[in-house]
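My request is simple: use the sequences and hints to build the entire structure.
Keeping their order, the protein sequence lines are chains R and W. Here the first sequence is numbered in this note's numbering, starting from 1 and rising by one per residue. Here the second sequence is numbered in this note's numbering, starting from 1 and rising by one per residue.
There may be inaccurate statements among the hints.
Given that identical chains are not distinguished, each listed pair holds provided it fits within a single copy or across any two copies.
[To be verified] Straight-line Cα separation of at most 20 Å, SDA-like style, residue types lysine to any residue; simulated pairs:
(1) Lys46 - Pro274
(2) Lys155 - His169
(3) Lys124 - Tyr276
(4) Lys46 - Glu298
(5) Lys303 - Glu30
(6) Lys46 - Ser17
(7) Lys277 - Phe52
(8) Lys308 - Pro274
(9) Lys288 - Gln109
(10) Lys180 - Gly265
(11) Lys94 - Lys104
(12) Lys104 - Pro93
(13) Lys142 - Glu108
(14) Lys288 - Ser122
(15) Lys97 - Glu108
(16) Lys94 - Gly190
(17) Lys94 - Phe105
(18) Lys183 - Ala85
(19) Lys247 - Glu108
(20) Lys222 - Thr257
(21) Lys247 - Leu81
(22) Lys46 - Gln297
(23) Lys104 - Pro146
(24) Lys247 - Gln109
(25) Lys142 - Gln125
(26) Lys46 - Ser278
(27) Lys266 - Glu130
(28) Lys204 - Ser217
In short, the hints are calculated from the structure, not lab data.
There are 2 protein chains.
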Amino acid sequence: MSFSLTILGSSSAVPTSRRYPAAHVLNVHERYFLIDCGEGAQIQMKRNNIRFGKINNIFISHLHGDHVFGLFGLISTFGLLERTADLHIYANPKLEKILDNILKFFFEQPLSFKIIFHPIGSKKQELIYEDEKVTVETIPLKHRIPTCGFLFREKAPLLNIRKDMIEYHNIPVKEIYNIKCGKDFNKPDGTSIPNKKLTLPPYKPRSMAYCCDTRYSEGIVKYIKNVDLLYHEATYANNMAKEAREKYHSSAGEAATAAKKANAGKLIIGHFSPRYKSILPLVEDARKIFPNTFAAQEGEVHKVKQTKDKRNQ
Amino acid sequence: MSFSLTILGSSSAVPTSRRYPAAHVLNVHERYFLIDCGEGAQIQMKRNNIRFGKINNIFISHLHGDHVFGLFGLISTFGLLERTADLHIYANPKLEKILDNILKFFFEQPLSFKIIFHPIGSKKQELIYEDEKVTVETIPLKHRIPTCGFLFREKAPLLNIRKDMIEYHNIPVKEIYNIKCGKDFNKPDGTSIPNKKLTLPPYKPRSMAYCCDTRYSEGIVKYIKNVDLLYHEATYANNMAKEAREKYHSSAGEAATAAKKANAGKLIIGHFSPRYKSILPLVEDARKIFPNTFAAQEGEVHKVKQTKDKRNQ
Numbered sequence: 001m002s003f004s005l006t007i008l009g010s011s012s013a014v015p016t017s018r019r020y021p022a023a024h025v026l027n028v029h030e031r032y033f034l035i036d037c038g039e040g041a042q043i044q045m046k047r048n049n050i051r052f053g054k055i056n057n058i059f060i061s062h063l064h065g066d067h068v069f070g071l072f073g074l075i076s077t078f079g080l081l082e083r084t085a086d087l088h089i090y091a092n093p094k095l096e097k098i099l100d101n102i103l104k105f106f107f108e109q110p111l112s113f114k115i116i117f118h119p120i121g122s123k124k125q126e127l128i129y130e131d132e133k134v135t136v137e138t139i140p141l142k143h144r145i146p147t148c149g150f151l152f153r154e155k156a157p158l159l160n161i162r163k164d165m166i167e168y169h170n171i172p173v174k175e176i177y178n179i180k181c182g183k184d185f186n187k188p189d190g191t192s193i194p195n196k197k198l199t200l201p202p203y204k205p206r207s208m209a210y211c212c213d214t215r216y217s218e219g220i221v222k223y224i225k226n227v228d229l230l231y232h233e234a235t236y237a238n239n240m241a242k243e244a245r246e247k248y249h250s251s252a253g254e255a256a257t258a259a260k261k262a263n264a265g266k267l268i269i270g271h272f273s274p275r276y277k278s279i280l281p282l283v284e285d286a287r288k289i290f291p292n293t294f295a296a297q298e299g300e301v302h303k304v305k306q307t308k309d310k311r312n313q
Numbered sequence: 001m002s003f004s005l006t007i008l009g010s011s012s013a014v015p016t017s018r019r020y021p022a023a024h025v026l027n028v029h030e031r032y033f034l035i036d037c038g039e040g041a042q043i044q045m046k047r048n049n050i051r052f053g054k055i056n057n058i059f060i061s062h063l064h065g066d067h068v069f070g071l072f073g074l075i076s077t078f079g080l081l082e083r084t085a086d087l088h089i090y091a092n093p094k095l096e097k098i099l100d101n102i103l104k105f106f107f108e109q110p111l112s113f114k115i116i117f118h119p120i121g122s123k124k125q126e127l128i129y130e131d132e133k134v135t136v137e138t139i140p141l142k143h144r145i146p147t148c149g150f151l152f153r154e155k156a157p158l159l160n161i162r163k164d165m166i167e168y169h170n171i172p173v174k175e176i177y178n179i180k181c182g183k184d185f186n187k188p189d190g191t192s193i194p195n196k197k198l199t200l201p202p203y204k205p206r207s208m209a210y211c212c213d214t215r216y217s218e219g220i221v222k223y224i225k226n227v228d229l230l231y232h233e234a235t236y237a238n239n240m241a242k243e244a245r246e247k248y249h250s251s252a253g254e255a256a257t258a259a260k261k262a263n264a265g266k267l268i269i270g271h272f273s274p275r276y277k278s279i280l281p282l283v284e285d286a287r288k289i290f291p292n293t294f295a296a297q298e299g300e301v302h303k304v305k306q307t308k309d310k311r312n313q
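If you want it as structure tokens, here you go:
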């Protein structure tokens, strides 16, 4: 039951010899969500053993090249590998036409798979993806062009039913799902066994918020309250907070303030300006405000462990 | 007086964890020519200490994504770094419009530099670039879409004038250039000193041909006769020559045959299919026909040394 974020690119718009433009893969129960797709994303996926076939959903925060320019090559590769599964892309509606133009221009044959384009807004929080295990909502951000973050939430898992209780109370199969959902068990003799005696607490649903690119804004805190993992851009160190603000980016301290105010479990800062050969000063800036901060680094995997839920205790 | 080719990408269309799509830099007397610009070219340039400011001319062989998709990010980076020098792009005329569309779409502000687009054909050999040290000509190739290779030739250097002769014959400054060009020196007393006695032979002009992507064709041999360095694609090993032909690519043996027939100095094979974890079998296939064959490998630099010209001996 994985919940882990792999960093493929930690750079801002100008990459360095070690840092790639923005790209990340969130694995939730073996569903792989690609978040932004900067140049080189496909090579980074290969390096980090992320199978292309696992990528069915791509979320693009905004239409700056450093978050998009890996998409054309990735789609091309999917085509050359004769992918058949639909590929869902969630992005600003303007991307659809230019992507379509590029595909028509550069590819000799129609793709072997369908691209299903989901236009998304960036002005209010919206649910844009849902399956039986995960939901994805947008987070309105403040950048120079329309930009949204993404909030990935694991759905609340069912309660664990106690096998010994199934035998002891002779619980029929048809009742098991109801009990896992929290219902009491009514025996044929009229006795009611409270759910609490029949089940064990499952793990707490996990969550990850991705906020990049954005100027720091207290307004986002309400969307990311209590996330286990917060990825927040920190293009600059604290001594460049003014420049960050002017360019609609954040400083490391501002990313940490967002994490603190949101009561996040762990903060990852990324989208670093190429001026920083070492990221340590940014991590130090952030840790003064939010100690559980880590710098995004290519190839690193940030796992969120399962912890007990208290719903049923 | 450099003449060296740096390999930035040795992969065919689908990159691997170690091999990037096609991109190469030829350094001729500190002029840096970028030949094809696959995804990740800018990162590979950073890794190989190729300064962005040195790149003024980009040659695109054809409009398949694996030879082009690094261009958008590279231009974006040039803009962010506030480049001012003109950037010349030599490519199929169709690229101009799509590039223009992409630039308009993804960039908020006009670029800080001019892009000067040079449309090139692929049906006959043409001179497309010339300065005081180098010429670049196209080489018609056989691929699924219009494609051309590039032949880079160093211009014949001037003869080296002997300093001792300048003193001995009291040669005036205004005559030196003529003598370096091969003229005899006529002394004021009417004596003529033959050029051969006044000069030393310079080095032989060097050349490099780039043939990628292409089906093997004996027709190209005439364009690449006696090149010092031949980069010829070898997407497949010899046992897949049929597939190579069908897909308008070459086998390693065919690349070697081209090198042998052209009397090339050294052959570099590249554009490898991702099916080959090791390239050794392809190198072995090629060396049976042309022993001085090497596999393209990211970061490797192939230098062509100066050798004596025999013009004046």
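Verification of the hints:
1. Proximity of Lys46 and Pro274 under a CA criterion of 20 Å is satisfied inter-copy only: 12 Å between copies versus 24 Å inside one chain copy.
2. In this assembly of identical chains, the alpha carbons of Lys155 and His169 never lie at most 20 Å apart, being 29 Å within a copy and 94 Å across copies at closest.
3. Neither within a single protomer nor between protomers do Lys124 and Tyr276 lie at most 20 Å apart by alpha-carbon distance, with minima of 33 Å and 49 Å respectively.
4. In the homo-oligomer, the alpha carbons of Lys46 and Glu298 lie at most 20 Å apart both inside one protomer (12 Å) and across protomers (16 Å), since each shortest distance falls under that limit.
5. In this homomeric assembly, Lys303 and Glu30 come within 20 Å of each other (Cα to Cα) only inside a single copy, at 13 Å, whereas the closest approach across copies is 48 Å.
6. When the C-alpha separation of Lys46 and Ser17 is checked against a cutoff of 20 Å, the pair qualifies both within a copy, at 18 Å, and between copies, at 5 Å.
7. With identical chains, the CA atoms of Lys277 and Phe52 are at most 20 Å apart between copies only, with a shortest distance of 18 Å across copies and 31 Å within one.
8. Taking the shortest alpha-carbon separations for Lys308 and Pro274, neither the intra-copy value of 41 Å nor the inter-copy value of 45 Å comes in at or below 20 Å.
9. Taking the shortest alpha-carbon separations for Lys288 and Gln109, neither the intra-copy value of 55 Å nor the inter-copy value of 37 Å comes in at or below 20 Å.
10. Taking the shortest Cα distances, Lys180 and Gly265 never come within 20 Å of each other, neither inside one copy (28 Å) nor across copies (75 Å).
11. Taking the shortest alpha-carbon separations for Lys94 and Lys104, both the intra-copy value of 16 Å and the inter-copy value of 13 Å come in at or below 20 Å.
12. In this homomeric assembly, Lys104 and Pro93 come within 20 Å of each other (Cα to Cα) both inside a single copy, at 18 Å, and across copies, at 16 Å.
13. Within a single copy, Lys142 and Glu108 get their C-alpha atoms only as close as 39 Å, which misses the 20 Å cut-off; across copies the closest is 16 Å, which meets it.
14. Taking the closest pair of Cα atoms, Lys288 and Ser122 never come within 20 Å of each other, the shortest separation being 31 Å inside a single copy and 61 Å across copies.
15. Taking the closest pair of Cα atoms, Lys97 and Glu108 come within 20 Å of each other both inside a single copy (18 Å) and across two copies (18 Å).
16. In the homo-oligomer, the alpha carbons of Lys94 and Gly190 never lie at most 20 Å apart, since the shortest distance is 61 Å inside one protomer and 79 Å across protomers.
17. Proximity of Lys94 to Phe105 under the C-alpha cut-off of 20 Å is found in both arrangements, the shortest distances being 17 Å within a copy and 9 Å between copies.
18. With identical chains, the CA atoms of Lys183 and Ala85 are never at most 20 Å apart, being 38 Å at best within one copy and 72 Å at best between copies.
19. In this assembly of identical chains, the alpha carbons of Lys247 and Glu108 lie at most 20 Å apart only when taken from different copies (12 Å versus 40 Å within one copy).
20. For the identical chains of this complex, Lys222 and Thr257 are intra-copy neighbours only, at 13 Å inside a copy versus 67 Å across copies, given an alpha-carbon limit of 20 Å.
21. In the homo-oligomer, the alpha carbons of Lys247 and Leu81 lie at most 20 Å apart only across protomers (15 Å), although the nearest pairing inside one protomer, at 40 Å, exceeds that limit.
22. Taking the shortest Cα distances, Lys46 and Gln297 sit within 20 Å of each other both inside one copy (16 Å) and across copies (18 Å).
23. Proximity of Lys104 and Pro146 under a CA criterion of 20 Å is satisfied inter-copy only: 16 Å between copies versus 26 Å inside one chain copy.
24. For a Cα distance limit of 20 Å, the shortest separation of Lys247 from Gln109 across copies, 13 Å, qualifies, whereas the shortest one inside one copy, 41 Å, does not.
25. Taking the closest pair of Cα atoms, Lys142 and Gln125 come within 20 Å of each other only inside a single copy of the chain (13 Å); across copies the shortest separation is 53 Å, beyond that limit.
26. Taking the closest pair of Cα atoms, Lys46 and Ser278 come within 20 Å of each other only across two copies (17 Å); inside a single copy the shortest separation is 26 Å, beyond that limit.
27. For the homomeric pair Lys266 and Glu130, neither the shortest alpha-carbon distance inside one copy (24 Å) nor that between copies (57 Å) is at most 20 Å.
28. For the identical chains of this complex, Lys204 and Ser217 are neighbours neither inside a copy (28 Å) nor across copies (65 Å), given an alpha-carbon limit of 20 Å.
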